[in-house]
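Chemist: Residue numbers (my numbering), protein chains in the order written: chain A, 1 to 548; chain B, 1 to 439.
Honestly, the hints are just simulated from the structure, not real lab data.
From a predicted model like this one, the values you see are computed outputs, not experimental measurements.
Glycine included, C-beta positions come from ideal geometry on N, C-alpha and C.
One should not assume that every hint holds.
Some chain A residues flagged as far from chain B (calculated, every beta-carbon gap over 12 Å) [what the hints assert, rightly or not]:
(1) Val207
(2) Thr264
(3) Cys302
(4) Arg327
(5) Thr398
(6) Ser433
(7) Ser447
(8) Gln448
(9) Ala478
(10) Ala488
(11) Asn506
Here's a subset of chain B near chain A, in silico, CB distances under 8 Å, partners left out [unchecked claim]:
(12) Thr244
(13) Thr246
(14) Ile250
(15) Asp405
(16) Pro421
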Amino acid sequence: MESTRSFRLPPQVGQPTTTASMMSDVLVALLPALAMGVFFFGPRVLVLTALSVGSCMLFERLYRRLTGQSDTLRDLSACVTGLLLAMTLPPTAAYWAPVLGAAFAIVVVKQLYGGLGKNFMNPALAGRMLLATFPALMTSWSDPLDWVPLWGVDAVSAATPMSFLHGDALPPHTMGQLLLGHQGGCLGEVSAFMLLLGGLYLMLRRVISFRIPAAYLGTVALLTLISAPPEVSPPAWMAAQLLSGGLMLGAFFLATDPATSPVTPRGQLLFGVGCGLLTVLLRYYSSYPEGVGWAILTMNCCVWLLDRAGMPRRFGAAPLSVLREYRAQAKASLAEIKFIKPQLGSSHDGRAPGEAHLDQIRAMARPALCLTAFVVVTALAIQGVHQYTELSTAQAETQGHQDLLSQVMPQAVSRSEAPYRAPGALDIQMAFSETNELIGYCVEVQSQGFRGVITLDVGVDLNGQVTGVAVVDHQETAGVGTEAMTPAALQRYVGRSGSLQTSGANAVDAVAGATATSHAITVGVDRALAIVANLDTEDLVEYLDGEV
Amino acid sequence: VRNFFFGGIHPAFHKEHTQRKSIAPLELMPEQVVIPLSTDGADMALPAVRPGDRVQVGQPIALGQGLTDSVHASVSGRVVAIEARPHPWGGRVPAIVIQNDGQNTPWPHRPAPLEAKQVELELLLGRVREAGITDMGDGADATAETLRQAAGKIDTLIVNAAECEPYITADHRLLLEHGDEILRCSGILARCLKVEQAVLVTAGDKLNAVESLERLLSRRPSKVQLRTVRARYPLGAEKQIVQTVTGREIPLGKTALDVKCLVVNVATVYAIYQCLFEGLALTHRAVTVAGGAVAHPRNLWVPIGTPLRYLLEATGGLKEQPRLILTGGPMMGTPLKDLEAPVVKNTNALICLTGEENRQTTEESTCIRCGKCVTACPMHLIPVFISRAVRQNEPHRLPALHPEDCMECGCCSYSCPARIPLLELVRQGREILAKGGQR
Chain A
1 MESTRSFRLP PQVGQPTTTA SMMSDVLVAL LPALAMGVFF FGPRVLVLTA LSVGSCMLFE
61 RLYRRLTGQS DTLRDLSACV TGLLLAMTLP PTAAYWAPVL GAAFAIVVVK QLYGGLGKNF
121 MNPALAGRML LATFPALMTS WSDPLDWVPL WGVDAVSAAT PMSFLHGDAL PPHTMGQLLL
181 GHQGGCLGEV SAFMLLLGGL YLMLRRVISF RIPAAYLGTV ALLTLISAPP EVSPPAWMAA
241 QLLSGGLMLG AFFLATDPAT SPVTPRGQLL FGVGCGLLTV LLRYYSSYPE GVGWAILTMN
301 CCVWLLDRAG MPRRFGAAPL SVLREYRAQA KASLAEIKFI KPQLGSSHDG RAPGEAHLDQ
361 IRAMARPALC LTAFVVVTAL AIQGVHQYTE LSTAQAETQG HQDLLSQVMP QAVSRSEAPY
421 RAPGALDIQM AFSETNELIG YCVEVQSQGF RGVITLDVGV DLNGQVTGVA VVDHQETAGV
481 GTEAMTPAAL QRYVGRSGSL QTSGANAVDA VAGATATSHA ITVGVDRALA IVANLDTEDL
541 VEYLDGEV
Chain B
1 VRNFFFGGIH PAFHKEHTQR KSIAPLELMP EQVVIPLSTD GADMALPAVR PGDRVQVGQP
61 IALGQGLTDS VHASVSGRVV AIEARPHPWG GRVPAIVIQN DGQNTPWPHR PAPLEAKQVE
121 LELLLGRVRE AGITDMGDGA DATAETLRQA AGKIDTLIVN AAECEPYITA DHRLLLEHGD
181 EILRCSGILA RCLKVEQAVL VTAGDKLNAV ESLERLLSRR PSKVQLRTVR ARYPLGAEKQ
241 IVQTVTGREI PLGKTALDVK CLVVNVATVY AIYQCLFEGL ALTHRAVTVA GGAVAHPRNL
301 WVPIGTPLRY LLEATGGLKE QPRLILTGGP MMGTPLKDLE APVVKNTNAL ICLTGEENRQ
361 TTEESTCIRC GKCVTACPMH LIPVFISRAV RQNEPHRLPA LHPEDCMECG CCSYSCPARI
421 PLLELVRQGR EILAKGGQR
């Protein structure tokens, strides 16, 4: 009978799902969100996706071929990585970006660790975050429905909801727009609705469990609900936080990557909660508006720990028996500690009590010293870096800017970097009123004073009139040159316009005893007026943005 | 509070082929029946007949000793030989071979049927022992011994009609056709064992049987409660069914008795009914013959000892070459090596799987840590970690993973999308652990 030859170990039946079918389910689930990306950002999205998927498959094939391993294209995992990588790119990304990301994702993150299932970080996300280290590449967003051209993408930037949320304000989008994806952002993350649909499909097909997305989104929802800024209604804040940025994509597709998430049910819940916590913290306190990517990558590194923490209770063991066992063990080991009277002097075997232990410590002293030194140096380095990026320093700086602003342009409430450059100006900033209208420019200029360079901040409104002057930095003699810098002296420039002279018509009289300094200030104000008058807002457009 | 067990799987149950076919007697009686002296191949009963003796249906032909039960002739005829014959669990086991004379003459000395009121514990135990009843589910323990140990110690009697293995509908048909007898016998068992509650557990895929039982219960109230649970494998396993009914977990090395429960298979209950009220010994049982390769799948009422070949003939033979023939269900059943092996007391099914159903063609691929085996394991194990510890030869990791808790239900292997033989690896892990961490 044939069955004697071919029977295998029980069970004799298996479920129809295979690794490849799970991967193809993920691909299917991502398609609606990708279609929305194409709808909002144009065919360039398709080109980026094709490049990303194609290069992922190519690198996978090449690596496996060159290292003489079996071909693993058929399990479709490279396809999924490629598609996920593409979906986390901005639609304006350069064409080489997905190729570089794919190389890093497939070769370094996935294959060097042994291929599918053995990588400890989500390859697509790691590739994306490598690209995020090129800020200019990954920070220009385009407006939805404003199709990005296939070639020659201008460095444009539209505000994404994340940049509003980062500034503690609700984005101007309606909930419907956020849900459907009428917002700026990465090409696959914009449509929360389609991502939800895809996530639901995956859960119904049992490719992912509900635990990670539910814990992740639940944590974010709860934290944002209780920490909304005072002027924003908490539910609206929560909804905006949930629907914008990469949260949906991350919760349903990136955090649930089986290879890089815990296998134990409790571990998966902890993983989701950790992701949510880190995401909210990063969104609130980091200098970048978005934190999903880093949150998931960080939690990926904790998976081994979460798997241990999430070990299921043994069948038949009473609840909390683990804790009880642990307590009993701790008690037993504490009971072993006994205080003995130290025997001073040499004992009979010529060794003082504890000598063996000291020997042990001495042997370990060298590596311990090295380790300590290393830790100290690292800590100092981190502290040094921290000094520069310290939050309080940044806050003090912002406060200083605000004081200066009120001095040079009392009507303005905020200002931001202007996208203009002009010769002679250190810095040009646009000043905005309470209603967010442009009311003038603040120009930082320098001129030669009596003893050194004087740096001035001059406010000029849209009519070309000076609204205020502030001295930022100088080396003039106290009590002599500084006489020209008193508020009263500087007040005399307010309302002036046109070309200022040091003498004659439209002149500002020099302060007695501080003539050279007065002249320097007048020259500086005049230069600022000239710069503002010649600002060509059509030319020299160069956008600078700090967000990633 | 509704109790449930963790994990489990929902395989394709394939019960639709046989669940509407009533239990039919075998048309073509076997020329010879081969009755093994032991159901599980371990403890032997002592033969009480010699080759050449004439025997009748229900006549004891081997006497039980200790935990083994007596064996009875299932056909009338002449004893041909007492020799080692193939056993469905593999190997050869001493068996009594009876040449069938086709008369089916009943044994004249069989005990008289009892009245329900007469039945007391000692009488019950005696009759059950005489009738040679063993557990007709997956175990092979002597039922009389189990009942004796349980008497007075338990508070819950669980009649197991879950039948969670795919393809098998023999218990379903028993419930449907002999529901009244089963309910009455369950009530008597509950009374004799002095339990507080008796629960008959069925699964949601036997709704017509549940309906008919409910009708019977409404007509004649009984101590027995009916509990219908959503069909899920392995609901019928002892630990899981106890957890489902009472919420109690049976720790490793303990039995259901330690948590004050007794689980009796529904086929066993029907056999007890027959022995008490019809005076019949355990000589026949219901067997499902199913699987994609069987031409006309059906349920059969088969004399114990019938070579399995006759069962296939009774179902119209095979319509295609089976890849695998099993006794028992496809999850925990035993692959058959020889169709001459007989039906034994706990053979509940003969399943012929085609290659397509068997799904053993897909090659094993790498583990992607999907965690399906963890959520499928009803014993709270982490098969993925155990298999990794075994394959990477890290026996020091095994003690914390408790592979010894495994009850071999096969849910992990079933649910693995990479087709890793997880159950086998967990078994290896248990063996390594038993040998003290040595491979």
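Chemist: The structure should be examined with respect to each hint, and the outcome stated for every one.
Modeler: The hints, checked one at a time:
no.: 1; hint: Val207; in the structure: violated, 8 Å
no.: 2; hint: Thr264; in the structure: violated, 6 Å
no.: 3; hint: Cys302; in the structure: holds, 15 Å
no.: 4; hint: Arg327; in the structure: holds, 18 Å
no.: 5; hint: Thr398; in the structure: holds, 46 Å
no.: 6; hint: Ser433; in the structure: holds, 56 Å
no.: 7; hint: Ser447; in the structure: holds, 67 Å
no.: 8; hint: Gln448; in the structure: holds, 69 Å
no.: 9; hint: Ala478; in the structure: holds, 70 Å
no.: 10; hint: Ala488; in the structure: holds, 74 Å
no.: 11; hint: Asn506; in the structure: holds, 77 Å
no.: 12; hint: Thr244; in the structure: violated, 14 Å
no.: 13; hint: Thr246; in the structure: violated, 13 Å
no.: 14; hint: Ile250; in the structure: holds, 6 Å
no.: 15; hint: Asp405; in the structure: holds, 6 Å
no.: 16; hint: Pro421; in the structure: holds, 5 Å
Of the hints listed earlier, those the structure fails to meet are numbers 1, 2, 12 and 13, in rising order.
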